[in-house]
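Residue numbers (full-length UniProt numbering), protein chains in the order written: chain A, 1 to 703; chain B, 1 to 703.
Think of the hints as simulated: they come from the structure by calculation, not from any bench. Predicted model, so just to flag it, every value in this text is computed and none were measured. Hints are not guaranteed to be accurate.
Where chains are identical, the list cannot tell them apart; a pair therefore holds if satisfied intra-copy or between any two copies.
Stated by the list, open to error - Cross-link-like lysine to aspartate or glutamate pairs, in silico, DMTMM-like; alpha carbons within 25 Å at most:
| # | residue 1 | residue 2 |
| --- | --- | --- |
| 1 | Lys-500 | Glu-541 |
| 2 | Lys-190 | Glu-49 |
| 3 | Lys-592 | Glu-541 |
| 4 | Lys-592 | Glu-519 |
| 5 | Lys-687 | Glu-330 |
| 6 | Lys-687 | Glu-129 |
| 7 | Lys-674 | Asp-374 |
| 8 | Lys-689 | Glu-401 |
| 9 | Lys-674 | Asp-268 |
| 10 | Lys-674 | Glu-170 |
| 11 | Lys-190 | Asp-231 |
| 12 | Lys-681 | Asp-631 |
| 13 | Lys-681 | Asp-501 |
| 14 | Lys-414 | Glu-58 |
| 15 | Lys-685 | Asp-501 |
| 16 | Lys-414 | Glu-230 |
| 17 | Lys-692 | Glu-651 |
| 18 | Lys-130 | Asp-54 |
| 19 | Lys-529 | Glu-375 |
| 20 | Lys-414 | Glu-55 |
| 21 | Lys-500 | Asp-334 |
| 22 | Lys-537 | Asp-334 |
| 23 | Lys-500 | Asp-571 |
| 24 | Lys-592 | Glu-401 |
| 25 | Lys-28 | Glu-401 |
| 26 | Lys-592 | Asp-397 |
| 27 | Lys-687 | Glu-169 |
| 28 | Lys-414 | Asp-231 |
Protein chains: 2
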Amino acid sequence: MTQQNTAGSGRTEPRIDVAALGEQLLGKWAQDRRTSRRLAGREDLQRIEGQSMDEHRERVFNQLSILVDEGAIQRAFPEAMGGANNHGGNIAAFEELVVADPSLQIKAGVQWGLFGSAVQHLGSTEHHEKWLPGIMNLDIPGAFAMTEIGHGSDVASINTTATYDPDTEEFVIHTPFRAAWKEFLGNAAKHGRAAVVFAQLITNGVKHGVHAFFVPIRDDNGFLPGVGGEDDGLKGGLNGIDNGRLHFTQVRIPRTNLLNRYGDVAVDGTYTSPISSPGRRFFTMLGTLVQGRVSLDGAAVAASKVALQIATTYAHQRRQFNATSTVQEETLLDYQRHQRRLIPRIATTYAMSFAHEELLEKFDGVFSGTADSDEDRQDLETLAAALKPTSTWNALDIVQECREATGGSGYMTKNRFTSLYADLDVYVTFEGDNTVLLQLVAKRLLTDYAQEFRHLDAGVLARYVVRQAGNVAINRSGLRQLAQTFSDTGSEKRSANFLKDAETQRGLLTDRVGTAVGEVADAMRGAAKLPQAEGAKVFNEHQNEIIEAARAHAELLLWESFTTALGKIEDEGTLQIMTWVRDLYGLQLIEKDLSWYVMHGRLSNQRARTLGPYINRLLARLRPHAQDLVDAFGYGPEHLRADISSGIEAERQDEAAEYLRRERAMADAPIDEKVLVARRKAAEKAKRKAAKSAATKGKKVGA
Amino acid sequence: MTQQNTAGSGRTEPRIDVAALGEQLLGKWAQDRRTSRRLAGREDLQRIEGQSMDEHRERVFNQLSILVDEGAIQRAFPEAMGGANNHGGNIAAFEELVVADPSLQIKAGVQWGLFGSAVQHLGSTEHHEKWLPGIMNLDIPGAFAMTEIGHGSDVASINTTATYDPDTEEFVIHTPFRAAWKEFLGNAAKHGRAAVVFAQLITNGVKHGVHAFFVPIRDDNGFLPGVGGEDDGLKGGLNGIDNGRLHFTQVRIPRTNLLNRYGDVAVDGTYTSPISSPGRRFFTMLGTLVQGRVSLDGAAVAASKVALQIATTYAHQRRQFNATSTVQEETLLDYQRHQRRLIPRIATTYAMSFAHEELLEKFDGVFSGTADSDEDRQDLETLAAALKPTSTWNALDIVQECREATGGSGYMTKNRFTSLYADLDVYVTFEGDNTVLLQLVAKRLLTDYAQEFRHLDAGVLARYVVRQAGNVAINRSGLRQLAQTFSDTGSEKRSANFLKDAETQRGLLTDRVGTAVGEVADAMRGAAKLPQAEGAKVFNEHQNEIIEAARAHAELLLWESFTTALGKIEDEGTLQIMTWVRDLYGLQLIEKDLSWYVMHGRLSNQRARTLGPYINRLLARLRPHAQDLVDAFGYGPEHLRADISSGIEAERQDEAAEYLRRERAMADAPIDEKVLVARRKAAEKAKRKAAKSAATKGKKVGA
């Protein structure tokens with residue numbers, strides 16, 4: 001057991017085995033992660049702040065070549081193409097690049113995770129041989145042209161068409177109106193030579209739904225005939241990526257440029273597909289693209305770790321002291337409010353990290369083929385839809401709190417927070433808008449709850465899920481079973497024992513989700529059978545509730561992952577402290593939704609009132625371990641790159657303290673006016689007392 | 001009464017008189033505000049996105065000259081100097097500049113609101129005559145050198161010294177160590193020619209505390225001898241301002257450069273002051289600087305209005321529809337979740353706006369001299385300390401939600417949100433860190449509650465308030481009286497009637513504050529008498545609670561301002577709708593802290609459960625008025641300058657709808673595979689039915 005002797009006392013306090021905990025956080029693909037962190041620590045792969053958009057775009061584009069040369073992007077491609085069929089390790093490595101520059105992570109994601117991945121997963125072996133080498137070595141930079149201006153997340157409703165012409169054996173790619181322009185595409189404004197374009201496939205007068213086509217868009221002279229576009233220009237962040245719009249005017253491509261794994265057109269125009277249901281075919285095609293969400297989840301975790309490692313190190317060093325004080329005072333982190341600001345977020349980041357590792361293993365199982373049943377795929381989709389919103393919103397909250405907790409220094413670009421925030425901001429709305437994804441999770445929860453909702457296809461919820469979030473499979477199994485209704489029995493156990501009991505936390509968190517889903521389901525029962533407008537109205541009246549239930553469900557999943565991870569900790573000291581951290585994570589969730597637990601009779605008023613104070617005591621107990629907790633995240637100075645966590649703060653303080661110590665020791669040091677005032681008052685008081693005493697004496701004498 | 005006939009029905013629905021409501025929002029200084037909005041609409045005063053830091057700095061510096069030429073900065077200066085002694089109007093006009101570019105607002109604030117204002121309020125008439133003309137016409141750009149690296153908000157503890165040398169009749173300004181460098185000063189990195197430097201005044205061996213000195217720092221050749229500094233470089237935003245550090249090595253200035261209104265040094269070194277208490281003198285000097293907080297409060301309101309006007313206009317236009325649907329579908333704002341995201345924030349912005357107007361009137365009373373008793377000054381300090389944190393945090397929340405609610409478009413710089421967020425980010429930590437200011441409010445609440453806390457001078461809270469937030473006067477009167485303990489009598493009235501009753505809302509909100517303060521006060525009772533370390537521990541254990549009480553108090557102040565404003569609305573339709581908006585503001589506050597109300601028995605579980613659904617119904621009722629509500633904010637296209645609220649979205653939709661309408665009308669339009677599948681299934685079913693029917697018939701026949 002890692003312990004620390006408390007000076008003088010016989011007691012030993014638990015301590016964290018930082019190295020072992022750090023290793024556990026690195027997870028199954030520790031080696032890939034380490035390799036990638038080494039790259040992320042290289043200056044030539046890092047962001048230069050203050051570059052213009054054009055300079056930043058060029059730098060990031062050139063950095064992609066370094067990644068190619070270093071063998072950093074090949075892991076997930078087929079072995080035949082020089083890859084390693086290593087899907088989990090690929091994502092683990094890829095998401096660490098966020099630490100160098102989020103633009104680099106996302107630009108690499110566009111090229112290999114979206115564009116290359118679409119060719120790999122939607123194309124045939126012939127397509128692989130033709131295009132993957134050039135995609136992998138960057139001869140063919142490409143865009144992933146799915147989203148349209150008029151349809152953000154609603155892929156099924158895109159309006160770009162690909163009409164087969166049997167006379168020339170070509171597809172004609174066409175944008176019918178301005179709302180159908182492809183939008184927000186990385187690589188579209190500048191570097192892209194080709195694009196995987198999603199369009200409605202039409203042949204022999206039948207529209208077969210969304211399919212993907214390989215379309216050359218640029219050569220050395222610019223756009224090819226019929227192709228046009230616009231530069232999206234400056235964005236809130238990620239300006240190392242050249243996002244833009246694309247449109248097509250009767251652009252002809254060979255029939256064989258259809259990525260035909262899930263649907264093909266013969267020379268004569270006959271359509272065939274291995275999947276007969278158009279709906280299922282669509283979801284299968286889009287299901288191959290889940291890795292974007294998985295990697296955003298992981299990148300959000302990495303960015304949160306970096307921010308907290310910087311802010312906590314500073315809060316642990318920064319002291320408030322003044323010229324007149326002779327004792328060293330508290331550090332920022334000794335203040336309760338500061339503990340409230342940082343330590344619960346450290347707990348959340350651990351929960352996110354452990355949950356992401358589980359997601360990554362699920363992803364690897366499906367994509368490597370070791371566990372890729374329909375159920376596995378559906379679970380992967382739902383898990384990614386639950387975790388990505390949770391972690392990306394958490395990351396913004398964490399980075400912002402770190403920025404504010406470090407005051408004006410936190411606002412300086414050199415201390416990292418503001419750029420991290422600006423870059424990560426878009427993570428909450430791209431690759432599936434968070435609100436839309438949570439509705440997908442809600443749909444799954446309702447389906448698990450009652451068969452009636454399985455074929456939900458009318459109304460607001462359905463429209464959001466089936467259409468807006470249409471690029472994710474709808475599925476119905478594999479969610480954790482919802483627990484029995486939980487209630488506070490008000491047993492004799494003291495409140496703290498009650499609250500820190502894992503079964504109490506699980507029971508409360510699970511019941512929160514289950515009951516909310518049940519209530520909404522009951523309220524919506526029958527609505528699916530109403531005429532569309534009326535049904536939609538009923539659904540809409542419960543939209544907020546069901547989204548909140550989905551959010552609570554995702555948080556429960558994080559809590560479960562954290563609890564599972566505790567089971568893998570061997571060192572007793574670490575286990576003790578990490579159990580407190582898990583408790584803190586669970587209890588802050590309960591505190592956030594406390595009104596729900598009380599209103600629904602799950603916690604008595606009395607018990608609920610002990611929660612806040614108990615959390616405060618947990619924070620005080622964790623305070624001495626805060627630095628260890630963030631050190632275990634494992635990022636070095638080459639990753640943190642922040643002035644305030646470099647040790648300069650402690651240096652300045654030591655210099656000031658030494659100066660003030662010497663000054664106090666000097667005989668001719670200036671005396672404070674306040675001291676003079678106090679002395680004068682004391683002298684006056686003494687004088688009055690003496691006078692009074694003299695008067696009394698006089699009286700006595702006189703008496 | 002402004003009303004609208006509901007088509008077909010005899011009922012009339014209330015409508016908002018947008019012009020009248022807009023006029024009310026413009027407030028007492030409507031004319032100054034309008035003049036300034038006209039300036040803010042001028043392209044040459046607006047931000048050019050994508051400029052480098054250097055270009056942006058030069059542009060903003062040059063824009064200051066435009067403001068001088070337009071007479072936009074003179075309002076608050078003495079009439080003798082060409083000013084108008086118009087303090088309220090000055091702030092009203094100044095804060096509107098945030099709409100053009102927050103850098104312009106803050107750079108102007110540095111030059112005239114801080115630097116110039118310090119000379120005006122801390123200097124003598126002689127100083128005014130010597131320096132104000134050059135400050136006003138920009139011949140003397142200057143920095144406000146108060147903050148030091150080692151002491152963010154703790155002005156009383158700064159370490160820069162100004163030691164009087166009677167031999168030369170000079171002050172020697174000196175920076176003893178690196179932690180005492182002046183930090184984050186606008187105008188310091190580049191444009192500043194002089195600075196008002198705050199330093200510990202030492203004369204005749206006595207340190208008389210912090211005083212302000214006029215110190216020349218630069219001429220055409222750069223820093224003057226003994227002066228040095230560093231450029232803070234890139235920041236998260238506000239890059240049009242040249243923030244930097246300054247340090248002084250035995251820099252000599254004439255004795256008469258001491259801004260001597262509240263403390264002077266004679267030729268022989270004798271110190272005199274009209275205020276005998278060093279503490280009171282310090283707070284009086286710094287009290288003159290409250291206008292920074294007042295104007296940040298107002299700027300946060302203006303930025304929130306702009307963001308909501310853009311996002312609501314878009315949400316009101318953007319429809320989701322697809323190729324197969326024949327009816328126009330809901331706009332984004334018809335979705336409950338979207339209503340939940342935007343409409344409560346509109347309500348909050350109204351509350352902020354009305355509260356700011358009250359703050360501005362209080363400020364004008366004090367600074368114009370029409371209502372400037374000690375009590376007025378103290379109330380002004382406390383009100384500013386309560387409102388500035390509330391509005392600046394709200395502004396970040398509002399701008400971010402608008403950005404997310406507009407999806408990928410919201411992330412494009414051209415749609416304004418991301419730059420507004422980046423610039424306003426620092427508003428929550430500068431001019432008094434929000435957390436520190438709330439502790440000042442907390443101190444006031446405790447002092448109002450019990451005399452014991454009046455002289456609180458030990459422990460965490462005191463240290464935060466007296467030292468960290470030392471630049472704000474501590475005061476004890478004028479807060480709204482805290483109401484009697486409120487409890488839900490569970491009367492017969494229906495829940496909705498109960499909740500929408502203004503007295504219910506006031507009672508709940510007031511009781512929340514009063515009870516929390518009482519609880520903390522009881523817990524801390526006696527702690528001030530403990531030895532310092534133990535007392536500090538007790539205070540620290542309640543720091544979070546008391547800050548939360550201060551936050552709740554500030555929100556109550558906003559609610560009260562809103563309610564007061566309702567009394568000034570004459571149009572009945574407007575009054576009806578604005579009462580709903582006020583209810584929404586109040587009820588969302590209660591919903592946010594709902595666990596408190598239930599745990600403390602102020603709301604029954606039953607009643608509490610009706611709150612969420614009632615808020616949802618309010619949102620649906622306000623939905624039709626959302627556009628009017630944001631139009632009343634009154635900003636024009638020249639202020640919004642956002643692509644997505646320009647009408648382009650509606651145009652694109654109309655084009656798409658027309659195309660799809662024509663397509664559906666064509667005889668040879670492609671047919672959807674899903675329709676074919678459905679037809680085939682129907683045909684198969686009919687065939688089976690026919691076969692079954694035939695079999696039955698055959699049986700019958702055969703029987």
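Between copies, within a copy, both or neither: which fits Lys-685 and Asp-501 at Cα up to 25 Å? Neither way: Lys-685 and Asp-501 sit 60 Å apart in one copy and 57 Å across, limit 25 Å.
With identical chains, the pair Lys-687 and Glu-129 could be close in the same copy or across copies; at 25 Å between alpha carbons, which is it: within, between, both, or neither? neither (102 Å within a copy, 47 Å between copies)
At most 25 Å between alpha carbons: which applies to Lys-529 and Glu-375, within, between, both or neither? Cα proximity of Lys-529 and Glu-375: none, with 28 Å in one copy and 66 Å across.
Evaluate Lys-681 and Asp-501 at a C-alpha cut-off of 25 Å and name the case that applies: within, between, both or neither. The answer is neither: 58 Å in one copy and 55 Å across copies each exceed 25 Å.
Have a look at Lys-500 and Asp-571 and pick one of within, between, both or neither, based on CA distance no larger than 25 Å. within (20 Å within a copy, 56 Å between copies)
Could you figure out if Lys-500 and Asp-334 sit no more than 25 Å apart (CA to CA) within one copy, between two copies, both or neither? Answer is within; shortest intra-copy Cα gap is 23 Å, inter-copy 43 Å.
Is the C-alpha distance from Lys-681 to Asp-631 at most 25 Å within one copy, between copies, in both cases, or in neither? neither (52 Å within a copy, 62 Å between copies)
At 25 Å max between alpha carbons, let me know whether Lys-190 reaches Asp-231 within a copy, between copies, both or neither. Answer is within: at 8 Å inside a copy they meet the 25 Å cutoff, but 34 Å across does not.
Pop the pair Lys-674 and Asp-374 into one bin, within, between, both or neither, using alpha-carbon distances up to 25 Å. between (78 Å within a copy, 23 Å between copies)
My question is about Lys-28 and Glu-401: at a cut-off of 25 Å on alpha-carbon distance, are they close within one copy, between copies, both, or neither? neither (30 Å within a copy, 37 Å between copies)
Copy assignment of Lys-687 with Glu-330, given that the CA separation must stay at most 25 Å: neither (40 Å within a copy, 84 Å between copies)
Give the relationship of Lys-674 and Asp-268 under a CA distance limit of 25 Å: within one copy only, between copies only, both, or neither. Result: close only across copies, 22 Å inter versus 98 Å intra.
Violated hints, in rising order: 5, 6, 8, 12, 13, 15, 17, 18, 19, 25, 27; the structure is consistent with all others.
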